[in-house]
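Chains A and B supply the protein sequences, listed in that same order.
Quick note: the first sequence uses the numbering used here, first residue 830, plus one each step.
Quick note: the second sequence uses the numbering used here, first residue 397, plus one each step.
To be clear, the hints were calculated from the coordinates, so they are not data collected in a lab.
All C-beta atoms, glycine included, are put in the ideal place defined by N, C-alpha and C.
Careful: at least some of the hints might be erroneous.
What the hints assert, rightly or not - Per label pair, the in silico range of CB-to-CB distance: (1) 468(B) to 888(A): 39 to 47 Å; (2) 472(B) to 942(A): 37 to 45 Å; (3) 456(B) to 888(A): 27 to 35 Å; (4) 909(A) to 452(B): 35 to 43 Å.
To be verified - No more than 25 Å apart at the CA atoms, straight line, and that leaves these computed lysine to any residue pairs for SDA-like: (5) 467(B) to 888(A); (6) 438(B) to 870(A); (7) 467(B) to 477(B); (8) 467(B) to 870(A); (9) 899(A) to 929(A); (10) 401(B) to 869(A); (11) 438(B) to 855(A); (12) 838(A) to 849(A).
Now for the letters of each chain:
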Amino acid sequence: NAGVTQTPKFRVLKTGQSMTLLCAQDMNHEYMYWYRQDPGMGLRLIHYSVGEGTTAKGEVPDGYNVSRLKKQNFLLGLESAAPSQTSVYFCASIIGSSYNEQFFGPGTRLTVL
Amino acid sequence: QQQVKQSPQSLIVQKGGISIINCAYENTAFDYFPWYQQFPGKGPALLIAIRPDVSEKKEGRFTISFNKSAKQFSLHIMDSQPGDSATYFCAATDSWGKLQFGAGTQVVVTP
Chain A
830 NAGVTQTPKF
840 RVLKTGQSMT
850 LLCAQDMNHE
860 YMYWYRQDPG
870 MGLRLIHYSV
880 GEGTTAKGEV
890 PDGYNVSRLK
900 KQNFLLGLES
910 AAPSQTSVYF
920 CASIIGSSYN
930 EQFFGPGTRL
940 TVL
Chain B
397 QQQVKQSPQS
407 LIVQKGGISI
417 INCAYENTAF
427 DYFPWYQQFP
437 GKGPALLIAI
447 RPDVSEKKEG
457 RFTISFNKSA
467 KQFSLHIMDS
477 QPGDSATYFC
487 AATDSWGKLQ
497 FGAGTQVVVT
507 P
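With the rest of the complex left out, here is chain B:
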């Protein structure tokens, strides 16, 4: 069973809009929560990551919000651009760096 649940499966957003992807986890041993971006035919690449002692982290147009008590975290993509069209994976890792991935969200940004 999936230890990290991700929603929605897909979303379409207009250029300039906000994309929001949500994830939830069960295992409290997870201590690092990265988001990966993947383009077709490529391997995943780290986008942004957060530790559980921080409630929010922002890097450019990308923001992670983290709610430790609810065991939930989300990715916000502000001012979405066509180049942001990709599949996004949330993940959680333990001390051995073993990543547990969500099922992925395919984001399409329309011009």
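In isolation and in its complexed conformation, chain A is listed as follows:
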């Protein structure tokens, strides 16, 4: 099993450009999450999904959109990137209960100039 994978690993964007981050998991997990990590702030939840076709807002959703068309994939989109979105983005998944381990991907380091 590959676990949770993220594409791409690194990306540099100019302000106003758009991009999509892809998260894939092969563990048949129901719930998936997108977090961003900034220095001194820990990880903050952007959006999450509790099943195929569902999405919900997290703590810091502004400027991001998500889609979960297939159970194994969770996409995070930036329509018009801003320097404030420079961060490391992590995807995570869980089998379906909060009492289980949440598995994290390796992260995508995004820089917006």
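Given the coordinates of chain A, work out where chain B should sit on it, guided by the hints.
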């Protein structure tokens, strides 16, 4: 505002010493309290976790102490090793598995 407050920001401990990291939370809806370990360039990985109906959980050299009435919990790393040098995050989650993280503690274990 941070729903889970973590301290200290960093600590240095000698090999064989004890590392202690403290966290506090406000939201009584949290029902699961995991600790994550993160190495540079990697994603967080679950270290140990506890439910609020348990006051202590030990796994090897790692122990969580939980005080429900005070809404506080802590991680103790016994016999600290250089390989334990990492950033540690406490977290709390609700029934949807949404993690609220502390700000992190960078632990450095000196030889």
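We went through each hint and held it up to the structure:
1. 468(B) to 888(A): 39 to 47 Å: violated (22 Å)
2. 472(B) to 942(A): 37 to 45 Å: With a Cβ separation near 43 Å, residue 472(B) and residue 942(A) satisfy 37 to 45 Å, so the hint holds.
3. 456(B) to 888(A): 27 to 35 Å: Distance hint for residue 456(B), residue 888(A) holds at roughly 32 Å.
4. 909(A) to 452(B): 35 to 43 Å: Distance hint for residue 909(A), residue 452(B) is violated at roughly 49 Å.
5. 467(B) to 888(A): Roughly 21 Å separates the two Cα atoms, so the pair holds.
6. 438(B) to 870(A): holds (17 Å)
7. 467(B) to 477(B): Distance of about 29 Å is beyond 25 Å: violated.
8. 467(B) to 870(A): With a Cα-Cα distance of about 20 Å, the restraint between residue 467(B) and residue 870(A) holds, given a limit of 25 Å.
9. 899(A) to 929(A): holds (22 Å)
10. 401(B) to 869(A): Holds - the C-alpha atoms of residue 869(A) and residue 401(B) are around 12 Å apart, at most 25 Å.
11. 438(B) to 855(A): holds (19 Å)
12. 838(A) to 849(A): holds (12 Å)
When held up to the earlier numbered hints, the structure conflicts with 1, 4, 7 and fits the remainder.
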